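Asker: Dock chain D against chain Y, hints included.
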Amino acid sequence: MSTVTSVPEGTVNPYALSHLDSLESEAVHIFREVAGEFERPVILFSGGKDSIVMLHLALKAFAPAPVPFTLLHVDTGHNFPEVLEYRDRTVKKHGLRLHVASVQEYIDAGKLRERPDGTRNPLQTVPLTEAIQQHRFDAVFGGGRRDEEKARAKERVFSLRDEFSQWDPRRQRPELWQLYNGRHAPGEHVRVFPISNWTELDVWQYIEREGIELPEIYFAHEREVFSRNGMWLTAGGWGGPKEHETTETRLVRYRTVGDMSCTGAVDSDATTLEAVITEIAASRLTERGATRADDKMSEAAMEDRKREGYF
Amino acid sequence: MTTPILSALSAEQLSATTLLRFATAGSVDDGKSTLVGRLLHDSKSILTDQLEAVEQVSLSRGQEAPDLALLTDGLRAEREQGITIDVAYRYFATARRRFILADTPGHVQYTRNMVTGASTAELAVVLVDARNGVVEQTRRHAAVAALLRVPHVVLAVNKMDLVEYAEPVFAAIAEEFTAYAASLGVPEITAIPISALAGDNVVEPSAHMDWYGGPTVLEHLETVPVSHDLTACHARFPVQYVIRPQTAEHPDYRGYAGQIAAGVFRVGESVSVLPSGRTTTITGIDALGESVDIAWAPQSVTLRLADDIDISRGDLIAPADDAPPVTQDVEATVCHVADQPLSVGQRVLLKHTTRTVKAIVKDIPSRLTLDDLSQHPAPGQLVANDIGRVVVRTAEPLALDAYADSRRTGSFLLIDPADGTTLSAGMAGAAFATAPEPVVADDDAEWDF
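Heads up: the sequence lines are chains Y and D, in that order. Following numbering that gives the first Met the number 0, the residues of the first sequence are numbered contiguously, the last one being 310. Following numbering that gives the first Met the number 0, the residues of the second sequence are numbered contiguously, the last one being 448.
This is chain Y alone, in the form it adopts within the complex (with noise of 0.2 Å):
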């Protein structure tokens, strides 16, 4: 770990704080806001980027105590594979419990039906809902960042969902100073939003000051893809390629990690922390805009899939 408090140069006041320090304490003293006030919190955990910056804000927030948290991840059942061995392993590695609702496990008992396009993203809110339901976790904590999306730009840090896990924008409480109001009725249960100050380059920024470990797939590696929507996607049993597809082999890496049938890889040789870093300050698209599809699906996609209960 390097320094915790950094002073930057050239500034007359030596109280400043950098803008990673000032975001990194703010989402601290969110974790502990809710390590204070609520029962059972759980932490989505997906092992991608934003989780895992999550998870480290904990361990820190609570050090030298263990994280008061379990992890509940939503398996798609199209999970890359790096991502999954690096969900357990760090699981294992910081003495956690991990919760896992399964989509397939859903599809199989008929409770779920594959869609036609395949894509298995918007299939995550039953499982998520109903996990939630059934260990009564009231608060859950989502890696969301309010840069993503117009719609999560609306979203308070502290967003309270009714029993049907429904996020609805003309009901949120106006968030005012640092003072998050979590009271909630039984059943209801508040989504909470530590990042959600923070942009796509400031996760990196901060992944790379604080030496964090990512799977593998974030840096570029060649890879077996075919195109499908504009985007480049992993060949696998999951679903692809099609018959009028054809895979090809290039140099990619992933920006986010979601499902294989709907996050696609961008073009890229960034093998390193800084070489990510520097493509992300010059590209000119936003990290949903370049990979992932199921926002496209209409102008309001996340905001319908947030009012049903996604996160």
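These aren't lab readings, by the way, just hints derived from the structure by calculation. As the structure is a prediction and not an experimental result, all values here were calculated from the model. Backbone N, C-alpha and C define an ideal beta-carbon position, used for all residues, glycine too.
What follows is a list of derived Cβ distance ranges for each label pair:
1. E51/D to E129/Y: 34 to 44 Å
2. E273/Y to D292/D: 23 to 33 Å
3. D338/D to E187/Y: 10 to 20 Å
Incomplete in silico selection of chain Y near chain D, CB under 8 Å:
4. A15
5. H18
6. F61
7. Q177
8. T198
9. R283
10. T285
Chain D residues, not near chain Y, derived (Cβ > 12 Å throughout):
11. E166
12. Y179
13. P186
14. D370
15. S373
16. Q380
17. A432
Answerer: Structure of chain D alone, referenced to chain Y:
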């Protein structure tokens, strides 16, 4: 000159930036969306796919030019109705600084929205239409900025292109606004003549106003100081959580976790724990895994103390010789943010720092009219967007500062115990730095403040 392009920077340079949180305020036609759009666009913060999405929707609606408001109106209902419902947060960056912008709509619910945005802002941009000058809404925005004690206020005199970029127009508005805001105790006011539409003095200096020698909006945002002289602040540490690992490695570790609300704490310092009033000494400060000798606001740290005294979430640690008063009688200004009213006699919860206590509204001595700052005595209740003075009695003592001394330890929420609704945003102590003279008094026998 600003260098807004991030890609030219090394990873090290990127890390050396500071963070500024600011809010914009402006009524519907003042050009706030255009200013926000211009700041995002000219600082290269709108990415190609976002712009393409906006262009596509604009085109499908038969609009010729991309409607930049679509970038900021994130909700279905907002886009359908063409209005902004709620505060949204936006992010952009230059080589010098990262920005978090609380974009507050100027519509009907203006007061609570602006209060929400201003509560975390270190700077507020108040927009004025150069053709109209200082109007009621401008005074309202200045008053909210003054009430919330936003340290820096920028007056952006917009649409200078429509008044032929005339210096006297700008000078008269700047003078009137500065005099008004200063009378409310706003500590620092910077007036900038701009045209958000044409791009004058927003990111690039204007070629039309060589009489203006000051900074552009972005230059000012990049250079305004973000932290105050902390040594002059009363040090305050609300205890959030007690860390006790009870592991073989750390059998005796006991740390008090929290975010420093104000000032500086040092190892060796003598401190009081409130409300109990017990004193002890700081033996160690853990700054997220690293042991340090000194820490300051707003760092999240863990304090270790010499004595094993009873301390829990909700307590406040302060220097022994500079502790806040402890009280159960809170006099404050509140902005009412809920649709359900706040009435005299109502039982509420009061959340102050990390402490939530039962409380009762003993009195609502007056309601403030922001337009002319007149005080209306004994309104009986406050409704949505009202600002009023309240007297609240709490069930347990609070270590409460005046909001003027500490935004963090002088602020509180009133919460409905039945359904958890946030009712009001409270600021303890006097309303304005210089209390304005009341203009209207309906019944002066009834009130006494």
